[in-house]
Each structure stands twice: as C-alpha cells, then as structure tokens.
Amino acid sequence: MPALPIIYLRAENAQLITEPLDALTVIYHRRSGTTHIVAEPVPQILACMGTAPMAAADIVRCLAALFDVDDVEAIIFARLEEMAELGIVERVRA
Amino acid sequence: MNVDGMILIGLLRCPETTASYDADAWNALVSIARAEQLLGTVARRLNGIAVPPEIAGILNEARINAGYQRRAALWEADCARRALADIESTVVLMKGTAYAAAGLKASEGRHIGDLDIMVARDALSATEKALLAAGWEWVKPDPYDDAYYRDHMHELPPLIHKDRDRMIDVHHNILPLTAKPKPDAVSMMAKAVLLDNGLYVFAHADMVIHSAAHLFADGELDGGLRNLWDIHCLLDEFSADDFWSELQLRATHHGLWPAVHLAARLAHLVYGTEIPRGWRTKHWQDRFYLKRFTARDAWGRGTRPFLRLLFYVRSHWLRMPPLMLARHLWKKWRMG
Amino acid sequence: MHEFRVQVGPARFRIGSVWEGPIRALAELYRDYPTPTITDYTVRLESVSFLRRYIRPSVAINGDFMLPDAAPLPLAFALLAGEMAMNVQMALGWRRHLLLHASAVEKDGKALIMTGESGSGKSTLSAMLGHMGWRFMGDEFVLLDLVTGEAMPFPRLISLKNEAIDEMQTQVAADRFGPLMRGTPKGDIRHLVPPRDAVQSMGVPARPALLLFPSFGFDAAVRPVAPSEVFARLTQASTNYVALGESGFRALTGFVKAVPARAIDYRNGDEALMLVNQLWDALT
Numbered sequence: 001m002p003a004l005p006i007i008y009l010r011a012e013n014a015q016l017i018t019e020p021l022d023a024l025t026v027i028y029h030r031r032s033g034t035t036h037i038v039a040e041p042v043p044q045i046l047a048c049m050g051t052a053p054m055a056a057a058d059i060v061r062c063l064a065a066l067f068d069v070d071d072v073e074a075i076i077f078a079r080l081e082e083m084a085e086l087g088i089v090e091r092v093r094a
Numbered sequence: 001m002n003v004d005g006m007i008l009i010g011l012l013r014c015p016e017t018t019a020s021y022d023a024d025a026w027n028a029l030v031s032i033a034r035a036e037q038l039l040g041t042v043a044r045r046l047n048g049i050a051v052p053p054e055i056a057g058i059l060n061e062a063r064i065n066a067g068y069q070r071r072a073a074l075w076e077a078d079c080a081r082r083a084l085a086d087i088e089s090t091v092v093l094m095k096g097t098a099y100a101a102a103g104l105k106a107s108e109g110r111h112i113g114d115l116d117i118m119v120a121r122d123a124l125s126a127t128e129k130a131l132l133a134a135g136w137e138w139v140k141p142d143p144y145d146d147a148y149y150r151d152h153m154h155e156l157p158p159l160i161h162k163d164r165d166r167m168i169d170v171h172h173n174i175l176p177l178t179a180k181p182k183p184d185a186v187s188m189m190a191k192a193v194l195l196d197n198g199l200y201v202f203a204h205a206d207m208v209i210h211s212a213a214h215l216f217a218d219g220e221l222d223g224g225l226r227n228l229w230d231i232h233c234l235l236d237e238f239s240a241d242d243f244w245s246e247l248q249l250r251a252t253h254h255g256l257w258p259a260v261h262l263a264a265r266l267a268h269l270v271y272g273t274e275i276p277r278g279w280r281t282k283h284w285q286d287r288f289y290l291k292r293f294t295a296r297d298a299w300g301r302g303t304r305p306f307l308r309l310l311f312y313v314r315s316h317w318l319r320m321p322p323l324m325l326a327r328h329l330w331k332k333w334r335m336g
Numbered sequence: 001m002h003e004f005r006v007q008v009g010p011a012r013f014r015i016g017s018v019w020e021g022p023i024r025a026l027a028e029l030y031r032d033y034p035t036p037t038i039t040d041y042t043v044r045l046e047s048v049s050f051l052r053r054y055i056r057p058s059v060a061i062n063g064d065f066m067l068p069d070a071a072p073l074p075l076a077f078a079l080l081a082g083e084m085a086m087n088v089q090m091a092l093g094w095r096r097h098l099l100l101h102a103s104a105v106e107k108d109g110k111a112l113i114m115t116g117e118s119g120s121g122k123s124t125l126s127a128m129l130g131h132m133g134w135r136f137m138g139d140e141f142v143l144l145d146l147v148t149g150e151a152m153p154f155p156r157l158i159s160l161k162n163e164a165i166d167e168m169q170t171q172v173a174a175d176r177f178g179p180l181m182r183g184t185p186k187g188d189i190r191h192l193v194p195p196r197d198a199v200q201s202m203g204v205p206a207r208p209a210l211l212l213f214p215s216f217g218f219d220a221a222v223r224p225v226a227p228s229e230v231f232a233r234l235t236q237a238s239t240n241y242v243a244l245g246e247s248g249f250r251a252l253t254g255f256v257k258a259v260p261a262r263a264i265d266y267r268n269g270d271e272a273l274m275l276v277n278q279l280w281d282a283l284t
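Chains as they are written, first to last, in this note's numbering: chain A, 1 to 94; chain B, 1 to 336; chain C, 1 to 284.
There could be a bad hint or two in this list.
Far from chain A, by Cβ distances over 10 Å, these chain C residues were calculated [to be verified]:
id, residue
1, 29
2, 67
3, 76
4, 117
5, 131
6, 174
7, 226
8, 227
9, 242
10, 246
11, 256
12, 265
13, 269
Chain C is faced by these chain A residues, among others (derived, beta-carbon under 8 Å) [said to hold, decoys possible]:
id, residue
14, 16
15, 19
16, 21
17, 28
18, 30
19, 33
20, 35
21, 37
22, 40
23, 46
24, 49
Here are some chain A residues pointing at chain C (derived, C-beta under 7 Å) [said to hold, decoys possible]:
id, residue
25, 22
26, 24
27, 26
If you are wondering where the hints come from, they were derived from the structure by calculation, not from laboratory data.
Treat the numbers as computed from the prediction; the structure is a model and nothing was measured.
Idealized CB from N, CA, C, for every residue including glycine.
Bound conformation, chain A alone (with noise of 0.2 Å):
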C-alpha cells in the first residue's frame, strides 16, 4: 500500500442520493444514473469529503475516531480507490 499521497475529489452533493436502509446503504450517482449499494465505512467518507478535494490522510484522519481498528488507513484507502473506479471519487493530481 502506498503512503496515502493521493488527493481525491468527491461527487458534488447534487450529485448523490444517499438512502442508508439497514447495515447497508444505496447510492443513486445522477450523472452515472448507476446505484451502489454500498457498507461501512463508504457512507462515513464520503460524509466527511468535503467540496474540496481532500488528501487521503486527512479522510484517515477524520475517519480513524469514528473507526478504532488497526489497519483502518488500509480499509480507507482500497474504499477509495474503488469508489475512484465507479467515478463516485476522482483521483486529483497533487
């Protein structure tokens, strides 16, 4: 796993529909018109992505009080890197 130097940008907030049901939430992307149903912790990082794009430590940051577990920096940094392949998050060059 790399060091985290990666930045990522969320989906403006118009652009997500965000419907927690049980253990698991559904994601409407409007400009994909696709929906993912997604778990823990997917809902808490994109709650805590701002407008701005965000360094990858920093949502490790704002996650690991929420997440007390061992590898959570691990955890975080595949669920973003899949939600860069669904487009839900963008990788932006530093």
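Based on these hints, arrange chains B and C on the given structure of chain A.
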C-alpha cells in the same frame, strides 16, 4: 391505407401534420418510428403540440428512454476519458455521444448505442492496453484469431466493459483501410475541438463528413432515416456562408466529396434541409435512396426486399444492459 | 395481416398475424378485455419464410421490441408466441411505472406481491388466491407508480404450466381455459382467463402491503429479508429500473422502506396458502 416511411418523414418535416392523424396513422407512425429508432426524435419534434392522451404516454416513454441513453452515453465517455487520461493522443468522441457532449441539436431525443472514439493510429496499442486495464474485455474470446481487424479495419475489435456491459469501438480513421477514399485522419485529429469535459469532438466540417461517410460506407442503410436526420440537424446548425465552402474543401481533401454531396442532396430531398443552390443537382439514383429509406409498412416491417438487398452492407446488434435481463426472462418464458 | 387489439392494465397492444387462427384464439380468450384504438405496442406473429406459412408453419415472434435470439415456435403454440411477444414489449418498452417481474393479488385495497425465480410458484399462487377471495392483479408483471408507489395491475391471461393446470382445472369452469398446448419448450401450457372482477378492476391500483419471496420444495419456513437485500433482488427483477434513473431509485427505495418482506418455503399449495394468510394477518 397505404402507409410507408413517408409518414415519419412528413412528421419530422412538419409536426403539425399530426392534427389530421387517425388511430391507424398514429399506430403506423409509432411502429415505424420505433423501427427507425427515431421515436425519441419524434417526441422532441412534438413538444408543445397537442396529441391524443395515449400518444402523450408513448412520447413520454420515448423521452425517458432518450434521457437514459444520453446519461449512459455521456457517462461512458467520461469513463473512457479517465481510463485514457495517460495515453499520448487526443481522444475524439464520434457520432451520437459526440453530438450529445457538444450539445448539438442532432442529439435531441437521439438513440445512442455504443461509444465510438477515435485516437491516433500510433496510440492504438496504448489505448488497447489502457482500456483492458480499466475493465474492458474483448467481445470475442480471441479477437486476433482472424487478423482481419488489425489488418483491414479502421478500428480495434469491439471491447465491452465487464461491469457496465457497454461496448466501445476504438477507431483510428473514419473508413476501413480497404475503402477507396483515404481520409486524412491526422488532420481530423489536429482540427478536433476540446470540450469542457476534457474530450474532443471533430470540427464542424469533419463532423458532417464523418456522418456522411458513416451513412453510406460504414453503416447499414437500415438506420438511414436516423443517420440522415443527424446530417440534416448538423447542416442546419452549422449553416453559414463560409461553412459550405469549408465543407466542400475538407470533403474533397478527404476524398469524400461524392459522399458528402450525396448526403446533403438526400437531406434536402428527404427533410428539406437548406443547402447551397449549386449543390442541388439532379441525380437519378437519389430517388432510389428515398425508396430505400422509406421501405416500411404500417406494421413497422421492412418492405421492398430487392431494394434492401441492393443496399445491404452489414448489420450489427447494439447491446444494452436491460437486454440481458430480458434475454434471461425470454429463456424462462420459453423454457419454463 | 389479421389484426387484434387489446388493453391489459394500462398497456394497449396491437397484434398482427399472417394466420387467422391465432388472432381468433386471442380474441376469444381476451373477450372480457377492452379494445383500444390507439395502441402502445405492436406485436407481429409472422411466418419465418413464405413457404413456412403453409408447410410446417412456424411463428416468428416480432414487434416494436424484439430479442435478437428469439427462436420461432410451431404454429400450434401461437398463443404462447403471442404471450411471449407481449411480455417482450413490456420488458423492453414500458417506462411509465417501475416494472417488477412479480405476481400480485389484492384484498381491502392492499396488494400482496410475490417475486422469485422460475419454479418458485409465484404465478400459481397468485392464480389460486385470485380464485379464493382475493383480486388477481397479475402473474408476470407488477407496475409500481413512480409517484404514489401504488401497484397497478397487469392481469394478462394466466399462463399455467404442467401440474398447475390440473390444480386450477379442479377449481375453475372449463370455458375459462384456452387450448392445452402439450410439449412446448416450457412443458405443457394452458392459458386461464382471469376472473371477471380482475379484468373489470384492472385500472384500480392497490397499496403494496406485503412482499413475499416464495420457494417451492422445502419444509415450511418463514424468514425476514433485510431491506437492502430486497432492494438488490428487486433491481434484478426489474427490466426498466436502470432506464428510469432517479425516479426508479426513489420508487424502489420508497417501496423497500414501506413494505415488509418475507421469504417463505413450502412443499404444497395448502401449506403456502396457510403461510400467506398467517403473514398477511400479522403484517398488514
């Protein structure tokens, strides 16, 4: 009632003619427009015009479909942009997706199927690698069993995205290498216009030229009325004094003036497109094209089989995700 | 072309055939249904080739919407071909509701919706319930209103298969059945005209009150199904969820949050009916 594709042409030219339609005319129109993939365009043309309530429901359905296809096509283009961010080539959108991305009238209500892009020929293998790395797969298990595509075509064998189930056609020219005209792809790429979304579309003249080449050389004349409607919209929107001379100059440069001239004449004949006086020459074969374009009966069936055979080039099936479920259900309906 | 037009629920069909027989059979079976003038979809039962219109006649299933790999059926199965062609129009064309591949019945203005794999028995269960005090709403598609969330009926002819044919023949008068088609690709098929009240009230929607996922062939059991699983399974059971975009998402999340869902296992019809009635009384 002796109905053919002229009913659809009449509506597209003058939507007000629908005031005289009876139920049979509407039923024929809807089936023919669906067969020609022009119902979304019909819905756009009938915006604000009073229609029977049953037809309003059908047109609303067509608008929803067009919105969905537009959304999916633009998203697919964005996915390709992200996948190809690092290749050393301009990435040019083509056909329906290009019209939608550039906000052109031709895209209003238009059916959009696969994503077509053009890249520089020497960037083909980098493009192929980048797409495969980003989740696209060959449609055929071993596309290079026949070296046909590599050696003779102007595009890579079709790729499909494994999750989104959408096809991409990667071109490096607008005609097969085997075709007689040799369009100047390098110059087309150089003149392409950058859009806000980071992707390119052809400059106006080249866009029309590609559309005309697609109508005759590359595509099946089956979608002729739809493709010709594209050309009508493009010519109508780009029309300006210096555009026409530029178009003729560029078309001649690409060896495609005959195709462009024919397309413009047919657009004028079929949809009443305004074209320069000097282009409105008479050619005996134009009437055959009109006969071929309108070869449908009131049930939406193709008619005039001999004429069809004359124009037959090739056809291929456009895939879309809901089709998978429908196919699955179909097997169930059939097999239980 | 011989022509027949029929309205089923909110959908209007124009069916054309080069043979008169299938058209007459359809007109007979759909005799209780209204005849529209303007239609939503055209279905064509055509001959595969000119010769095959007369020699070993074979029905090509065509229409406004077609599946590219739809194999033709023998003329003796023309009613089945018509049913399949109408299904295809709905599956690929309908955009006015969220379309669920499910069956439904109604009581007191509330709808019981059943969905599941082929062989789950959802179709037979809806036919049985529809003849014992419930209103039959449909055995193939349920249409959810995109704004109100109500279920709109689509009570086409009930397509009975194999054992279900005998089961229903003991309960329903013979003149409500179509011809028995033996040895179709899906086994024996016989169409059943839905009860008259189902056709008369086919414009009347109902509020979804219970969703069941039946499974036939297991010991009787009931399991709750989590909303997120219901959501995922219903997106798989809908041919137009993706095309509807945001309105489909809103309709489906609304449905999932409002309607309790259970998976039920059963070994025979009586067991299933008992479970259904128990759950209905407890949950609605």
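Evaluated hints:
no.: 1; hint: 29; in the structure: holds, 39 Å
no.: 2; hint: 67; in the structure: holds, 23 Å
no.: 3; hint: 76; in the structure: holds, 43 Å
no.: 4; hint: 117; in the structure: holds, 20 Å
no.: 5; hint: 131; in the structure: holds, 36 Å
no.: 6; hint: 174; in the structure: holds, 47 Å
no.: 7; hint: 226; in the structure: violated, 5 Å
no.: 8; hint: 227; in the structure: violated, 4 Å
no.: 9; hint: 242; in the structure: violated, 7 Å
no.: 10; hint: 246; in the structure: violated, 6 Å
no.: 11; hint: 256; in the structure: violated, 6 Å
no.: 12; hint: 265; in the structure: holds, 22 Å
no.: 13; hint: 269; in the structure: holds, 33 Å
no.: 14; hint: 16; in the structure: violated, 11 Å
no.: 15; hint: 19; in the structure: holds, 5 Å
no.: 16; hint: 21; in the structure: holds, 4 Å
no.: 17; hint: 28; in the structure: holds, 4 Å
no.: 18; hint: 30; in the structure: holds, 6 Å
no.: 19; hint: 33; in the structure: holds, 5 Å
no.: 20; hint: 35; in the structure: holds, 6 Å
no.: 21; hint: 37; in the structure: holds, 6 Å
no.: 22; hint: 40; in the structure: violated, 13 Å
no.: 23; hint: 46; in the structure: violated, 16 Å
no.: 24; hint: 49; in the structure: violated, 22 Å
no.: 25; hint: 22; in the structure: holds, 5 Å
no.: 26; hint: 24; in the structure: holds, 4 Å
no.: 27; hint: 26; in the structure: holds, 6 Å
The structure fails hints 7, 8, 9, 10, 11, 14, 22, 23 and 24 (numbered hints given earlier, in ascending order).
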